[in-house]
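Peer 1: In case you want the letters, here they are:
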Amino acid sequence: MTRSTRFKAMIRNPAAWYALMAAVGLTVIGIEAINTIDPYHALRQSLWFAVALVVGTLCLMPRPRVIGNLSHGLLGATLFLLLLLLIPGVPQTIVPTVNGARSWIDLQVLRLQPSELAKIAFVLSMAWYLRFRQSYRRLWGLLVPFAICMMPVGLILKQPDLGTAMLFGPTLLVILVAAGARLHHIMSLLGLAIVTVLLVVGTIYFAPKVADVLLKEHQQDRFKALFNPERYKNSKAFQPNKCRELIGAGRVRGYGSEYAAKLIRSHRLPEPHHDMIFAVIVNRWGLVGGLVVMGLYLVIVVSFASIAGSSKDPFARLVVVGFAGMLFIQATIHMAVNIGLLPVTGITLPFVSYGGSSLVSTLAMVALAINLASEPPPVPSRPSFEFST
Amino acid sequence: MKRRRLGLLIPRMFHRRLVLLVLLACATTVVLALQTTNLTLAQGAALRRRAESLLVKSRTIATYRGSILDRRHRVLAFDRPSYDVRVDFDLLTGQWAYRQAYAQARRDPHWKEADARRRMALTASCQQGYDLQIRQLWQTLSQLTATSPQHIEQRRTAIIQRVHSYMLSYWRRVLAQWRRTFDRPPQLRDVAKRQVQEQQMAHVLIEDVDDRVRFAIERMKRSADQPSVWNDVLITFETERDQPWRTVAVELDASTLPSPLKREGSLSITVHEVGTHVVGKMRRKVLPDQLAANPYAKYLASGERAYDLKGYQEGDSAGLAGIERSMEWWLRGTRGRTTTRWNGQPGPRTDPVPGQDVVATIDIALQARVQAIMDPVVHGGTGLMRAQPWHKRPQNRRGKPLAHPVRDGEPLCGAAIVVEVESGQVLAAVSAPWQRPEHVSDSTAEARRWDLINDPWRNRVVAKPYPPGSTVKPLLLAAVYSEGRLAGQETLPCAPGYLYEHDPDRFQCWRYKHYGIHHEPLDGPHAIMRSCNMFFYQVGQRLGWRGVRRWLSGFGVGHSLPCGLLEQIATSGATGIGKKQAALMGIGQGPVDWTLLQAATAYATLARGGMAMPVTFIDRPVRGASTVHDLGLDVQGVAQAMQGLHLAANHPQGTAHHLNIVVGQPEPIFNIEGVQLYAKSGTADAPDLRVLLPDEQGQMVRQTVRQGDHGWMICLVRREGSPRPDYVVAAVVEFGGSGGHVAGPIVNQILHAMRDEGYM
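Protein chains in written order, with the working numbering: chain F, 1 to 389; chain A, 1001 to 1760.
Isolated chain A, as found in the complex:
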């Protein structure tokens, strides 16, 4: 019916088909018009904003990083303005000379009629002068910046090699893409004409030059003829991070050292890299993950570009370690930004905001002294961090001789910390070693091996777990009294096989193992003084494994403490289960470990009578409210533990009282006067140090390199007139041997250093 009506209206079929086609065309045009309208009207505003943002040229304005100060407001790290000399890539490769020569040759009147060979000859004759200019440029830069020509040549070669590797990688990608797309290999010119960005930019040839060089180069650029090499030399403003206390000369009184090391007069020691683990270092280039997490520019979901002026750009520097890393966001300034519209009119401007200063809790002078005491790699030092024959290192374990004991004279690794009890602030923290010895060069296999064994880049104070050994005993004594599981004057026996008849060898006192005799029944304070293992096995049993874990956890063991350094680790803490492990944990062996920081935190808590607060490296800005909480230690329990510590340091039978260097002639560990000392030594059975090292065939094999005991000494110091201890001084020496013998003299020297710096 419909068709008939249409037939009447348009009788010819061809005309009907034409109408149909025209209507189809109209409908298609309507669809196109609607979508164009949608884009220009509905989405027009957003798309115009996005499009116009490209016409605004922006330039960032450099800012300064905040400084790091010590507790006495001495500047430890600051930004110093400097300049880099950048040279165009074509100049580095010498291509600049060819380009200039070619341009000059083309102006020759004979160029047009010359054949290819003649043109090459013309170009070559012009190039000699430009090559000479480039050679003179390197000489001038060498003289101006006092840089050796060899160094400039090495740097130039390194840049060219790096850019060539980028080009090669890019061309490979282009080639692969081309083959996928066109099923045939491209012509050389199709690939080679594509350049990587690095080929078109200037590269840093000489870093950190001063104003004098800058002005000299700018003068050369101004007076240069056209064309001149100086037109492709740039001076860019940078900042260099300086650490004025990086190297410090220290005088130490050698007369207070143990008798084999004692000398008249003082020791002059130059300490390098002072405070390096605490203050930290800068990375010249920001890491990719930091760049991805906080980029300077990013696209929003709407497609617009947003700028975070504090974000990272390629080539930014960032904190690598220590406070520089942990306080990165505080120290890092916010760069400024100027914008210019397409017609040259200035757009919105944001001024830069410098980074904020950070005040560290360390005293850099004390830090330098402690580093001087503990420097294991410098010859002519105190010798305290080198293995000595009187350190009482074990030569066998369970009846078998040690295969890899530390030999006499070898440098030792370890750490020390000084904490102010009242504030919980760290006055000094040293992780030794902190640098390679001079005889180990930078890039050799020997250096790699040395690094793997000695791990100089790790901050041992916060980032290395150690078995605590006997140093854990005072804490558990206070705990067992607080739980009422040990009466005030109660004594416990020390007899072989007393605890477990079927395991008599395992649970014995150290005294019985060494000398075949045991202690008389001891009360708490005397058990600490004598460091009786049998007593503390029983303390562990009385507290139970849950009790030991709970109390040590309360003291901060096994926790990540808000100390202000990101390097710190939580450690496993006390993880033992069952009666036997509870007994082992009672003497600080078995499944229990802590860092030196956690040890100092625990002792500071004990010194405060059970008031726990985090130990920190940062004074300002204060990061959140300081959390102080009461562990609920019994006053009597704390008093018993403190009495035990006092006896250990001051009683002739105390384990932290004297050194047995010559049999029958004990000499005191601590020879400082005018202060009250509460100390506990510890000698912890340590797991072997096994590291991946190359064997004779060059295969990486895990090898045992050191065996023995870690030596501990933790000392609470009370100044005259103070109601309670003022400082915690703790030291641990890896595979050093007896705690009293190896770590004790170090703590003693630190006490002298504190006195010299006015802390006592």
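Looking at chain F on its own, in the form it has when it is part of the complex:
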């Protein structure tokens, strides 16, 4: 199959178009939302958007098999970069500390966030690992995928960047579900995770000394703020409280740009163009704006599902599902934090929040998904992930 034939296949796939349009739509909404509160950052985000489009185009070039062959190497390189962030003695000029976290590598012209790269590398690597295996159909067979998952998670947690680290586990579960892992295994693991979270939260209230060992003070504060926002509205729950206020104030159609800008500024909302961008969107465009954003994420999910469904290549299938899962889980956590359903985690809204690395990596995911969908399976191909139970 020639390169031109592949491009034609890409162009003819309507699901790819829908996904791309939704991603571009979300990015434009993001730039406008950032413009509401900080025109300078909006301009920078526009430039990053251009860069992301170039990177996305580049991601359309390599054949899926090449990408697959490179996936483990890419994960290895990413792990090395993550390790570099943690090496003591690396000068601040290379690994600066921002908001108490060492998450960036300063390349002078731009700041690279290796954890964003790790998201892509992890999905590619996991898909490449699982594509022809059946071991994950047994409970013990899940051990290796989880061990691979724990490598980037552990390194990202040390930065510390809890928000990003939280994405890997659920994404792995999504990939495993799509790959045909037994649902009762997945449900057991999920149940175990929920019970663990409940136990940890319980210790905050009933065994504070144990909680001090398990969680840092600011992490405990976030749970306290979630369950008692009124009590801590001026301290621990300041950020979620202000966020809820701004979302509620948006009502159905939101405020105009000028009024919304004044309102958000007067609330001194911390990180409005990163972790709280959904609040800015609902304040600016109201419930309608919020629902449109949710709808666009759903369009991306359905489009990716459609791409995966129409693909015969097991690697492509798992990569597309993995990217969809990663994007949707990140968006869900961000919005849930903003509307007060989850404690503050410091996680951005994909395509929308300000951040060059984030925007480039998310658009790269979309481009890679489209790229992988364009490749027909080798003939004859064996059926993938088809099990009787």
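No wet-lab data here; the hints were simulated from the structure. No residue lacks a Cβ here, since even glycine has one placed at the ideal position from N, Cα and C. Heads up, a few of these hints could be off.
To be verified - If you anchor each label on the Cβ, the simulated ranges turn out as follows:
#1 F/Val197 to A/Thr1037: 25 to 35 Å
#2 A/Leu1188 to F/Leu183: 46 to 56 Å
#3 F/Glu271 to A/Val1031: 32 to 42 Å
#4 A/Val1204 to F/Glu271: 36 to 46 Å
#5 F/His72 to A/His1110: 49 to 59 Å
#6 F/Gly154 to A/Trp1171: 13 to 23 Å
#7 A/Gly1347 to F/Gly154: 50 to 60 Å
#8 F/Leu107 to A/Thr1037: 36 to 46 Å
#9 F/Gly89 to A/Leu1188: 11 to 21 Å
#10 A/His1110 to F/Leu107: 24 to 34 Å
#11 F/Gln108 to A/Trp1171: 28 to 38 Å
#12 F/Glu271 to A/Ala1445: 30 to 40 Å
Fit chain A to the supplied structure of chain F, relying on the hints for placement.
Peer 2: Here is chain A on its own, set in the frame of chain F:
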């Protein structure tokens, strides 16, 4: 079965799993959408109101505090407009000069190519001019406000030290928080870049300047170049509380004083802090508990911010003592408030409401005279509040010499009150001392010691309990007659060991203790005249401990009286149980105490024939209905008590009749004519004065500093033609000795002062 059907519908497992995942995504989106809808629609109105309230900028409008007037409507305290000079913190520290110099140096064409050292040199060369500007600013302010440069320098240093201590405390907290969160120490810039609010605001450098200074500074600001130090100097409107009667010059007739103190002509005494315990003082900054109880702004349960325009803000002043404190809510005005919307449009406006005036019952001129009579710290005064050799202070107790008696010439502490019987209004109330003597400086250990012993900040009239001594006797006489436990002409014996054979030393008459002789059997009035202890032991026994407690309680002893001053205390009152304690309470000793206010209230009740009403310092506003009630005293009983008081003051054998300064040459205590006096002296065995003082090693140890008897004199005054006494004048002198000798001349001088002020 179901699975098979699903298998037929979607044959591939991968596709079934995809559908499952998409459905999960849809369900999650529905949950998110529902919560967003809940916030924007169900709670939207309330959240929008709360959010938009932040866009309304409000500014408060200052108000005035009400004035305090005396009974003749002379202004005792009022708010005077004034201005404070505030200076930006950077200007105080000199950082302003560096900032300006740095900004100027950056405009230098060589700045870009200069290295760090060259840049520092450039900045330093620019800074000299700005440093000079700051030095000139202090000089100009010093000249304009007539404040010494040293004072400005001291004030500036104090502000910087205070703010630095805030910064240090804040940085420590940030550091601790940082370590808890990140498990590693922060960089210096992570902590130091955080500023406390006080670093970004202007501080009061010079207080209370007038219009002339204000206009001069505003002129300087208008004509100042950019940048200029004057841009960071502010003039803010404040109010100062003024007390025009704080210092009064008084002329006293020295010829009416007891013979050792008597002089021809008059005494000129300048009294400071006139009426300080009654009028009170202001605290420059409101106390945290007042701030918490009545805040200007608070959050309601709904999360909205509510404003109480009368509430306190940080930096508000509030009443500290006296009427200023007790009538705080009446005097305190309600500030106004203007609001401006986000687009500059004016919002709702509330005009300020000035505080309301309070009319006190005191006569400030009489108050000044009484203070002049009772000033213990000013040399060249009357000398009545200094220990005199003829005060008959005890030198031993129960056969042992006193270790800490008051020495001759020492200043005495005490209190006096003048009450109008008809209205229950206080005309004058003095608690001495009310200030430190000049030789005791403000901050030394000597001043601390002086304060601990003499307690000049306490209003002794309402807030110090004293054993009443013999002054309680007329009240109990009226009570025992009213209960029918003593017949009209019945006499009681005064003999040693008469009451308790096994305790002969304890229950004896004062006369027997001092002179070894006893009184003849006495009836009620003569028992008061002679102040016979044996008689009143028996009165106490006849009333019983319950009766004594009930009657004294009826007279107001042991009760918190609604006098209008929050400083007043209830005292324990009469608390004795059993026959012996009833007997002791009969002579005003043992478990019984009262304040001077309670004593005056009780005597005013007696003068009204048993009609009890509270004594008050506030004329207007009237706080609630005045409660007048009849104690049910027998008319004959009251008459007997009044006769006894009259005899005590006017009969040569009365204990309130004369002073024995020179043996064999008695001189009358009262030398005022044209009025009828009913008086009772009292000499109360007082507990030792023990206070916590530093010993030689600097440890705080409770030490006995004074011993002896409290001297009382309570006098009812009836003007010619009045059917009953018009005024109660009472005085108590702590550890002064004989009541007749120490407190009697003070009451006499107060009577002269009342005459001079037109009350008699």
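Peer 1: Decide, hint by hint, whether the structure agrees.
Peer 2: Against the structure, the hints come out as follows:
no.: 1; hint: F/Val197 to A/Thr1037: 25 to 35 Å; verdict: holds (26 Å)
no.: 2; hint: A/Leu1188 to F/Leu183: 46 to 56 Å; verdict: holds (55 Å)
no.: 3; hint: F/Glu271 to A/Val1031: 32 to 42 Å; verdict: violated (24 Å)
no.: 4; hint: A/Val1204 to F/Glu271: 36 to 46 Å; verdict: holds (37 Å)
no.: 5; hint: F/His72 to A/His1110: 49 to 59 Å; verdict: holds (56 Å)
no.: 6; hint: F/Gly154 to A/Trp1171: 13 to 23 Å; verdict: violated (34 Å)
no.: 7; hint: A/Gly1347 to F/Gly154: 50 to 60 Å; verdict: holds (55 Å)
no.: 8; hint: F/Leu107 to A/Thr1037: 36 to 46 Å; verdict: holds (43 Å)
no.: 9; hint: F/Gly89 to A/Leu1188: 11 to 21 Å; verdict: holds (19 Å)
no.: 10; hint: A/His1110 to F/Leu107: 24 to 34 Å; verdict: holds (32 Å)
no.: 11; hint: F/Gln108 to A/Trp1171: 28 to 38 Å; verdict: holds (32 Å)
no.: 12; hint: F/Glu271 to A/Ala1445: 30 to 40 Å; verdict: violated (56 Å)
Hints 3, 6 and 12 from the list above are not met by this structure, while the remaining hints are.
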